[in-house]
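Engineer: One letter stands for each residue in the lines below.
Protein chains: 2
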Amino acid sequence: MKKRLFTPGPTPIPEHVMLTMAEPIIHHRNPEFGEILKSTFENLQYLFQTKQPVLALTSSGTGSMEASVANFLSAGDTAIYVNGGKFGERWGNILKAYGCKAIEIKVEWGTAVTVDEILAKLKENPETKAVYITHSETSTGIATDVRAITKAVHEKSNAVVIVDGITAVGCMELRFDEWDMDCVVTGSQKGLMIPPGLSFIALSERVIKMMETSNLPKFYFNLKKELASWQKTDTSWTPAVSLFIGVNESLKMIKAEGIENVWKRHEKLSRACREGCKAIGLKLFGNSPSYAVTAVNVPEGVSFSDFNKILKFKYGVTVAGGQDHLKGKIFRISHLGYYDDFDMVTMISALEMSLKEIGWKFDIGSGVAAAQKALCE
Amino acid sequence: MKKRLFTPGPTPIPEHVMLTMAEPIIHHRNPEFGEILKSTFENLQYLFQTKQPVLALTSSGTGSMEASVANFLSAGDTAIYVNGGKFGERWGNILKAYGCKAIEIKVEWGTAVTVDEILAKLKENPETKAVYITHSETSTGIATDVRAITKAVHEKSNAVVIVDGITAVGCMELRFDEWDMDCVVTGSQKGLMIPPGLSFIALSERVIKMMETSNLPKFYFNLKKELASWQKTDTSWTPAVSLFIGVNESLKMIKAEGIENVWKRHEKLSRACREGCKAIGLKLFGNSPSYAVTAVNVPEGVSFSDFNKILKFKYGVTVAGGQDHLKGKIFRISHLGYYDDFDMVTMISALEMSLKEIGWKFDIGSGVAAAQKALCE
Numbered sequence: 047m048k049k050r051l052f053t054p055g056p057t058p059i060p061e062h063v064m065l066t067m068a069e070p071i072i073h074h075r076n077p078e079f080g081e082i083l084k085s086t087f088e089n090l091q092y093l094f095q096t097k098q099p100v101l102a103l104t105s106s107g108t109g110s111m112e113a114s115v116a117n118f119l120s121a122g123d124t125a126i127y128v129n130g131g132k133f134g135e136r137w138g139n140i141l142k143a144y145g146c147k148a149i150e151i152k153v154e155w156g157t158a159v160t161v162d163e164i165l166a167k168l169k170e171n172p173e174t175k176a177v178y179i180t181h182s183e184t185s186t187g188i189a190t191d192v193r194a195i196t197k198a199v200h201e202k203s204n205a206v207v208i209v210d211g212i213t214a215v216g217c218m219e220l221r222f223d224e225w226d227m228d229c230v231v232t233g234s235q236k237g238l239m240i241p242p243g244l245s246f247i248a249l250s251e252r253v254i255k256m257m258e259t260s261n262l263p264k265f266y267f268n269l270k271k272e273l274a275s276w277q278k279t280d281t282s283w284t285p286a287v288s289l290f291i292g293v294n295e296s297l298k299m300i301k302a303e304g305i306e307n308v309w310k311r312h313e314k315l316s317r318a319c320r321e322g323c324k325a326i327g328l329k330l331f332g333n334s335p336s337y338a339v340t341a342v343n344v345p346e347g348v349s350f351s352d353f354n355k356i357l358k359f360k361y362g363v364t365v366a367g368g369q370d371h372l373k374g375k376i377f378r379i380s381h382l383g384y385y386d387d388f389d390m391v392t393m394i395s396a397l398e399m400s401l402k403e404i405g406w407k408f409d410i411g412s413g414v415a416a417a418q419k420a421l422c423e
Numbered sequence: 047m048k049k050r051l052f053t054p055g056p057t058p059i060p061e062h063v064m065l066t067m068a069e070p071i072i073h074h075r076n077p078e079f080g081e082i083l084k085s086t087f088e089n090l091q092y093l094f095q096t097k098q099p100v101l102a103l104t105s106s107g108t109g110s111m112e113a114s115v116a117n118f119l120s121a122g123d124t125a126i127y128v129n130g131g132k133f134g135e136r137w138g139n140i141l142k143a144y145g146c147k148a149i150e151i152k153v154e155w156g157t158a159v160t161v162d163e164i165l166a167k168l169k170e171n172p173e174t175k176a177v178y179i180t181h182s183e184t185s186t187g188i189a190t191d192v193r194a195i196t197k198a199v200h201e202k203s204n205a206v207v208i209v210d211g212i213t214a215v216g217c218m219e220l221r222f223d224e225w226d227m228d229c230v231v232t233g234s235q236k237g238l239m240i241p242p243g244l245s246f247i248a249l250s251e252r253v254i255k256m257m258e259t260s261n262l263p264k265f266y267f268n269l270k271k272e273l274a275s276w277q278k279t280d281t282s283w284t285p286a287v288s289l290f291i292g293v294n295e296s297l298k299m300i301k302a303e304g305i306e307n308v309w310k311r312h313e314k315l316s317r318a319c320r321e322g323c324k325a326i327g328l329k330l331f332g333n334s335p336s337y338a339v340t341a342v343n344v345p346e347g348v349s350f351s352d353f354n355k356i357l358k359f360k361y362g363v364t365v366a367g368g369q370d371h372l373k374g375k376i377f378r379i380s381h382l383g384y385y386d387d388f389d390m391v392t393m394i395s396a397l398e399m400s401l402k403e404i405g406w407k408f409d410i411g412s413g414v415a416a417a418q419k420a421l422c423e
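Chains A and B are the protein sequences, given in the same order. Under my numbering, the first residue of the first sequence is numbered 47, with each subsequent residue one higher. Under my numbering, the first residue of the second sequence is numbered 47, with each subsequent residue one higher.
Think of the hints as simulated: they come from the structure by calculation, not from any bench. Among these hints, one or two may not hold up.
Short derived list, chain B residues pointing at chain A, Cβ under 8 Å [claimed, not checked]:
id, residue
1, Y144
2, P242
3, W283
4, I356
Once the Cα atoms are required to be at most 16 Å apart in a straight line, the calculated EDC-like pairs of lysine to aspartate or glutamate come out as [claimed, not checked]:
id, chain 1, residue 1, chain 2, residue 2
5, B, K270, B, D280
6, B, K147, B, E135
7, A, K49, B, E313
8, A, K175, A, E258
9, A, K298, A, E88
10, A, K358, B, E78
11, A, K314, A, D386
12, B, K49, A, E69
13, A, K49, B, E78
14, A, K278, A, E81
15, B, K419, B, D387
16, A, K355, B, D389
17, B, K355, A, D280
18, B, K152, B, D162
19, A, K49, A, E61
20, B, K358, A, E78
21, B, K48, A, E69
22, A, K48, B, E69
23, B, K49, A, E78
Note that CB positions come from ideal geometry on N, CA and C, so glycine has one too.
Please model the entire structure based on the sequences and the hints provided.
Structural biologist: Encoded structure:
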């Protein structure tokens, strides 16, 4: 059985990238690896649309999230974070682990935070040093307007805005320099199309300055040290060599496609996915769909577990279920990374065939037709 | 040109392990990956010769080193560390980064610390909570008697002994339970024969108890959380899936060879390397050779850079130079991981042919003959 992964990380890896990573290992202090680092670092700047440093750490995305707390803030500093899902919640947990004053903006799962909510909380807490937000909340499929929030926060305060872009970078429009962003983090197994194990962090001059005075303990994730290594086209610690070789290849693919085309492709695929779902009577979850992942309500009377068994074991298609209190209530279809039109046609087709089998009533083929229509627009 | 890596990490990767890692990615919360974790966790216990937990973190070895400070100690705690090379020095840097009182035992590079030196320092600092040592100091090729030190420290104090086993595990004899060890860390690109990006940490009941009261900040490297995940055959954060798939394969190879045979093979290869070097008139560096890496003095009048250019670009053989004040003074040959008799013959042969070319006087073939003799013993 052919297996197909539609989960928001790990995402499918292009075949030639997999094979490149399987080539004999090279030493990370050799000129040959230096060339790989050089091109990787340059193309990461292209990906983030920035001339600022984008550092690469050997860790999951959470490592870069932690780095953006431990390196910018000092003990007792106040920071606001938006909790609208599992990953927003994580910002709060990291801030608390480092003894910062963590002010929560709790938004209902499935809802995007508004600029006004953030400004109101900033007004209440004028000592706030940083606002931690999530561009695409993977647990709910919700996108946040990071551009508007960054602009508003900069207008009204001296706080920096730190963005978890883990399922957004290489998927949704993001222009680090033009939007005057402060810090964005991402991981390797998302829009970057390689296995998990690397994370990336883009740094503005504002946060680089904050790194000078930050007094929180750090060692492996010491960004000042990592930035000095980056300036010499090097890494502070032994890098995950094979993953760097992989990301160098996948970044070349992104460059060749053109970042704006990559964003457009994700917008189109996500629209096709939503239209396909709606056409067979499924209801979408949330008010602000991310282009990375579509969250769909499990219909009344349908058991996700039964339906998912057919999808997975009969048709070889893996989607993600809901997390925490959304378990069994939603499921999530990813279109983040190495996907094209026909992957979406396949996905909607597998959805139809599985739902048919458990007795859900709809016109077979109507979902695929709607998806195709969206793809042709 | 065939290229051959004789560096102490990354080390060569077995071909079938490379290809297994290139298979289509799977999701890390699938039962299929659960099976991989289960067998990996079991075989890690075999590797460390322990029934205690051996956790796997997505980071270089330095990440696990940091974890063994941030999770066991509390602010202001006293710890002794042995600085006999770059990696011993790193223990001190981590301790200082976390605000611990770091007491240094400075030993000359190339010399192994003695039990007496450690006991003397412990007597001066009876409040010491932990002693941080290095089993095989990669920068100097020096092995430390971790068994004797652990035993002596336990007899004379309540301090735990934390071992950097990064180039020792899967190479030099190590029996975690029988030797009553407290904590050993290692990395994936050494004796474990896969690319860098994973680190491993074995925990005794003593250090697990210390984790309960440690008040240093941590999040990504929170071992209490990671231990709870391990107990459910899971990982706290998205793991480096392809590297786990790789290490699962390489651990099976170690199991099939038998850990005692793996240790014996490294002892034999390192002896062959030393005998080969001595037979052509090279002098070894240091008083206590590690089985992972042989450090050789660059002879008077020989330029390492000239010699290394021939070795590397004419013969495709990469060795490691000296670090810091040993730069240009020593070079290091690795026999750690996926090496056999004929790799050592090749290495000594390449050494001979390169040295001949720069005018070093010796009987061509005498190094290889001595190495072969050692291999046949």
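Engineer: All hints are to be evaluated individually against the structure, with a verdict given for each.
Structural biologist: Evaluation of the provided hints:
1. Y144: 5 Å, holds
2. P242: Holds - the Cβ of B:P242 comes within 8 Å of chain A, reaching about 5 Å at its closest.
3. W283: 4 Å, holds
4. I356: With Cβ-Cβ at 16 Å, over 8 Å, it is violated.
5. B:K270 / B:D280: 13 Å, holds
6. B:K147 / B:E135: Roughly 14 Å separates the two Cα atoms, so the pair holds.
7. A:K49 / B:E313: 45 Å, violated
8. A:K175 / A:E258: 14 Å, holds
9. A:K298 / A:E88: Judged against 16 Å, a Cα distance of about 10 Å means the pair holds.
10. A:K358 / B:E78: 13 Å, holds
11. A:K314 / A:D386: 10 Å, holds
12. B:K49 / A:E69: 12 Å, holds
13. A:K49 / B:E78: Holds, at roughly 13 Å.
14. A:K278 / A:E81: 12 Å, holds
15. B:K419 / B:D387: Holds, at about 11 Å.
16. A:K355 / B:D389: 50 Å, violated
17. B:K355 / A:D280: Violated, because 22 Å separates the two Cα atoms, which is more than 16 Å.
18. B:K152 / B:D162: OK: B:K152 and B:D162 at ~13 Å, within 16 Å.
19. A:K49 / A:E61: Judged against 16 Å, a Cα distance of about 14 Å means the pair holds.
20. B:K358 / A:E78: 12 Å, holds
21. B:K48 / A:E69: Given pair B:K48, A:E69 holds - Cα atoms ~13 Å apart, limit 16 Å.
22. A:K48 / B:E69: 13 Å, holds
23. B:K49 / A:E78: The hint holds at about 12 Å.
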